[in-house]
Amino acid sequence: DWRVDKVTNMNGMFLQAAAFDQPLNDWWVDKVTSMVGMFHDALSFNQDISGWRVENVTNMYIMFAGARSFNRPLGDWRVDKVTNMCDMFRDASAFNQPLNDWRVDKVTNMCDMFRDASAFDQDIGAWDT
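The letter at position 19 of the sequence shown is residue 26 when you use the numbering used here, and the numbering goes up by one with no holes.
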């Protein structure tokens, strides 16, 4: 088991790891503040990370961009400290999970958040931006 409980920055961790699809559900990520491009172009990744405690993350820019297989629930994530979600799901063509309970009132950048996320069809109309 790989211990990541002291890590604060996971930027680009699996960037372009096209074949990577291993379980990460037991990772303690509660100290992480930045996940920029963590799964960017990780084409095969589709593991359950719904239990991750991401409440300290402030930057999720391009986190799942190009992660074309990813389609797992993230609705229970506490994202209320995130300020940047630009391109977060851009070209994540399989992703279609409810995010309606996310508190996104601190997000200042949502540019192209769902651009080319062709399967995404969820109601986010209640988001307070």
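Treat the hints with care, as some may be off.
[Said to hold, decoys possible] Simulated pairs of lysine-lysine, DSS-like, Cα-Cα distance not exceeding 27 Å:
#	residue 1	residue 2
1	LYS13	LYS38
2	LYS88	LYS38
3	LYS88	LYS113
4	LYS13	LYS88
5	LYS113	LYS38
6	LYS113	LYS13
[Unchecked claim] Derived DEER-like restraints, expressed as beta-carbon distance ranges:
#	residue 1	residue 2	range
7	ASP108	ALA25	15 to 21 Å
8	ASN18	PRO80	21 to 27 Å
9	ASP130	PHE27	16 to 22 Å
10	ARG85	SER125	34 to 40 Å
Quick caveat, the hints were computed from the structure, so don't treat them as lab data.
On a predicted model such as this, the values are computed, not experimentally measured, just so you know.
A virtual CB, placed ideally from N, CA and C, is assigned to each residue, including glycine.
Hint-by-hint comparison with the structure:
1. The hinted pair formed by LYS13 and LYS38 meets the criterion: a straight-line CA distance of about 6 Å does not exceed 27 Å.
2. Taking the CA atoms of LYS88 and LYS38, the gap is about 13 Å. The hint holds against a cut of 27 Å.
3. Only pairs whose Cα atoms come within 27 Å are accepted, and LYS88 paired with LYS113 is accepted, the gap being roughly 6 Å.
4. At most 27 Å may separate the alpha-carbon atoms for a hinted pair to count; LYS13 and LYS88 meet this at roughly 19 Å.
5. For the given pair, LYS113 sits about 19 Å from LYS38 by alpha-carbon distance, which is consistent with the 27 Å threshold.
6. Proposed proximity of LYS113 and LYS13 is supported: the alpha carbons are some 25 Å apart, at most 27 Å.
7. Distance hint for ASP108 and ALA25: a CB-CB separation of about 31 Å, inconsistent with the stated range 15 to 21 Å.
8. Hint check: ASN18 to PRO80, Cβ distance near 24 Å, so the stated range 21 to 27 Å holds.
9. With their beta carbons about 31 Å apart, ASP130 and PHE27 fall outside the hinted range of 16 to 22 Å.
10. Our hint of 34 to 40 Å for ARG85 and SER125 is violated, since their Cβ atoms are close to 27 Å apart.
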